[in-house]
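Read off the chains here:
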Amino acid sequence: MSQMNGEGTVHARGLRKSFGERVVLDSIDLDVASGEIVCIIGPSGSGKSTLLRCVDGLEEIDRGVLRVNGQDLGFRETPRAYQALKRKEVAAQRTRIGMVFQSFNLFPNMTAQENVMSGPVLVKGAPKAESRRRADELLTSVGLQGHGDHYPWQLSGGQQQRVAIARSLAMDPSVMLFDEPTSALDPERVGEVLAVMKDLAHRGMTMLIATHEMGFAREVADTVIFMDGGLVVEKGSPADVLGNPQEPRTCKFLETVL
Amino acid sequence: MTTTSESVRKDRDKQDLPELDATVKPRVHRRGALEYFAWLCCALVALGVVRTVFTNENYQWDVVAQYVTAETVLRGLVMTVVLTVLCMTFGALLGLLLAVLRVSPLRPVRILAGAYITFFRGTPVLVQLIFWFNIAALYPHLAIGIPFTDVSQDIDVNRLISATTAAVVGLSLNQAAYQAEIFRGGFASVDKGQIEAADSLGMSRGTKLRRIIVPQSMPTIVPATGNQFIGMFKETSLVSVLGVGELLMSVQLIYARTYQTIPLLIVACVWYLVMTLLLSYPQSLIEKKFSRTRARVSNGPAAVPTQTEMMGEAK
Ligand SMILES: Nc1ncnc2c1ncn2[C@@H]1O[C@H](COP(=O)(O)OP(=O)(O)O)[C@@H](O)[C@H]1O
Ligand SMILES: [Mg+2]
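If you read the sequences in order, they're chains B and U. Residue numbering for the first sequence follows my numbering, starting at 1 and increasing by one per position. Residue numbering for the second sequence follows my numbering, starting at 1001 and increasing by one per position.
Wrong hints could be hidden among the right ones.
No farther apart than 25 Å at their CA atoms in a straight line, the calculated lysine-lysine pairs in the DSS-like style are these [as the list claims (entries may be wrong)]:
id	chain 1	residue 1	chain 2	residue 2
1	U	Lys1208	B	Lys86
2	B	Lys88	B	Lys124
3	B	Lys198	B	Lys235
4	B	Lys124	B	Lys86
5	U	Lys1192	B	Lys124
6	U	Lys1192	B	Lys86
7	U	Lys1208	B	Lys128
8	U	Lys1192	U	Lys1208
9	U	Lys1208	B	Lys88
10	B	Lys88	B	Lys128
11	U	Lys1234	U	Lys1288
12	B	Lys124	U	Lys1208
13	B	Lys88	U	Lys1192
14	B	Lys252	B	Lys235
15	U	Lys1289	U	Lys1192
To give an idea of the interface, some chain B residues facing chain U are shown, with a C-beta separation under 7 Å as derived from the structure [said to hold, decoys possible]:
id	residue
16	Asp56
17	Leu58
18	Arg94
19	Thr95
20	Ser103
21	Asn105
22	Asn109
23	Gly119
24	Leu122
25	Val123
In short, the hints are calculated from the structure, not lab data. In this text, a Cβ means the ideal position worked out from N, Cα and C, and glycines have one as well.
The following block holds chain U by itself, in its conformation from the complex:
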């Protein structure tokens, strides 16, 4: 004969099942009331969003469906992808160069690289883009030639700087400044002992950079660059102000005609989202891969100096 309180406990612990051995019993964690409340809020918000998205007719999902694979939109998307790849490539190459100049033994070189980075990171990229678009107002003629000779080629800057070149130049130069900082951070993440070991062997600066510093800073540089890539993909929408026919521009062209502004902006957003989601999968793989190698490297005994030495050689 069991008492009521016992039967309640029995019910809760499900003791009608055979009791497990104490060493193999799972540990059940508490879920606080707060967690249930948070889930409830989450569900309510989701419900609200879904409801308005489907009941508010101004979204015009039929229009979205109609234009999401329209040829103009797809051409804009291709342009966006091309711009992203171009600007990231130029930006990364120039950024690497800047980062190397930034750690040059020659002070004036360091100063010039630093000034470049300060300028391009310190002014809005939108302003820079418009600036490049209007560069012809500043330098209407550009003479490319060999100094102190008559051999030269006069170039009409107005024709050279089309909207697309202004976009590529502007985004690349801006990206280079950010990329340079990423490279610099990566270089700085390399353990000082590595540089000393290389110096001790008599390695030249170039060899040290190529064989020791760059490979070892990849775990820091690659994931950050991946993030920049995703960022650049969205940043290209800025060049629509120059009239470059990328994704945002192409939907703008359509809604300027049809006045279906909201559904066409949704079309653009759908593509931006799809592409960033597609990109973030390889990005997460890259991050996982490099965080593992980094953990491996820094778990080695090499990274664990004794306490006394850490104090003795604090630098």
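For reference, chain B alone in the conformation it holds in the complex:
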């Protein structure tokens, strides 16, 4: 991942997002360096998913700065305002951000291999034969060699999630977002997905992960962010935030999950 042009970084200043009257993210500041692994923890409804969805451009923010891969997401900054980008330009930004959803969201009308090929072929117009070869490589790298012809319903949750990760990686993203990637899995399937994520982390991918897996956060994260009520309450190294929390709200949350 090149350090040039802020590739692989995420920066937010005073990011605010509301749904109607309801403020879901309030003055969020976030800095993710290239290759950094950031785990976001916090109770349900604290805004973890919304933050990740904003960073992926699935939700438009109300106010503040949001720069992903060194570019303002979805907008161009002018002296007096942020001007919306063209649809094509937004799509181009999105191809460099990968998102892994809690519910996998594999395309059920496509095989595992077709799912992984879908980005390169349908979005980038890459040649099919080459994309197929690449898809098989990616499936192998997530431990799913030989599953390329299977449809999502023929795969277990853990396998589906690994296909979903491969599908995102096929676009060669500089930033990967994970929204509780193991929460919908049977407990015995969690490990296989976390293993793939660890592997990715070791290869220097920038990762922003909402998770309830405290053990994983402790082991893999460079930074842990604790969110509550749409605010970043505490932020620091896993040892500090998980081992020696300063804020009472963090303590209370950690008591309930550990």
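Following the hints, complete the assembly by docking chain U with the ligands onto the known chain B.
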């Protein structure tokens, strides 16, 4: 020596046969008196219908038999089939277009498509048909040409709109409105997560529609369209008021001459029934096929979010 009550029970349970092992005994369900009564009513009704159908001479079954394969009737039947296929094809194509316009990011486009659908679903199709038949009264001359030039072709609307074109235009435009709603319902049945996954990959609107939304909404769209097809088959009888020589019109022409109204209407009904029964077989296969794939898709772990997340992301 067995007592009477024992022998009764023995008789009922058929214990003269060797007793089965408890683990393999079949479970016999109770049939209530109500069920026997319902069967009795059913039989009585059937008997009554059969009796009157065969004893009432006004049915004139010989006339029915005589005309059921008459050439006029068969030509009418062919016309009905052709009309059905034509109107369904045009209706489905236009309906798809309307459904896509209906979800356009441009508000005025959405409004226009919505207005079309409201109008054509909100007025009776019979009235629409007569309206198209008389459209020449509204626009006697139609000039097709390139705007702001002298190149144009004047068309006599009276000649353009024959009864058959009025029928095809009327039924197709009406069908398009219903078909658009079917497509829209199908599009809406696609899980939101699918759209988000596609957006996240940077897929364009067109690609998303063709590769994700349309294929995934087929399980909803195809069976509903099959029903429309069967409905259209019967709906074509309406165009007999315009004088189009379809099935109903052709039997009407005959009984206008012979006054054998009832047997000829039976002839028409026989054909409508035969055709709808023929059509409902593939329809049931289609429904079965798609309900299976849908169950498969929605049984996957993907569709089972955890309880907390369902509350957390209620939208
Ligand atoms: N599309 C939406 N419309 C309205 N409210 C929403 C929407 N998405 C999320 N919310 C609300 O935003 C809050 C934060 O949700 P979320 O980001 O999903 O939290 P988390 O992922 O931490 O559980 C919740 O209270 C949720 O109800
Ligand atoms: Mg969430």
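Verification of the supplied hints:
| no. | hint | verdict |
| --- | --- | --- |
| 1 | U:Lys1208 to B:Lys86 | holds (17 Å) |
| 2 | B:Lys88 to B:Lys124 | holds (12 Å) |
| 3 | B:Lys198 to B:Lys235 | holds (21 Å) |
| 4 | B:Lys124 to B:Lys86 | holds (17 Å) |
| 5 | U:Lys1192 to B:Lys124 | holds (23 Å) |
| 6 | U:Lys1192 to B:Lys86 | holds (23 Å) |
| 7 | U:Lys1208 to B:Lys128 | holds (18 Å) |
| 8 | U:Lys1192 to U:Lys1208 | holds (12 Å) |
| 9 | U:Lys1208 to B:Lys88 | holds (14 Å) |
| 10 | B:Lys88 to B:Lys128 | holds (22 Å) |
| 11 | U:Lys1234 to U:Lys1288 | holds (24 Å) |
| 12 | B:Lys124 to U:Lys1208 | holds (13 Å) |
| 13 | B:Lys88 to U:Lys1192 | holds (21 Å) |
| 14 | B:Lys252 to B:Lys235 | holds (16 Å) |
| 15 | U:Lys1289 to U:Lys1192 | holds (24 Å) |
| 16 | Asp56 | holds (6 Å) |
| 17 | Leu58 | holds (6 Å) |
| 18 | Arg94 | holds (4 Å) |
| 19 | Thr95 | holds (4 Å) |
| 20 | Ser103 | holds (5 Å) |
| 21 | Asn105 | holds (4 Å) |
| 22 | Asn109 | holds (4 Å) |
| 23 | Gly119 | holds (4 Å) |
| 24 | Leu122 | holds (5 Å) |
| 25 | Val123 | holds (5 Å) |
Of the hints listed earlier, there is not a single one the structure fails to meet.
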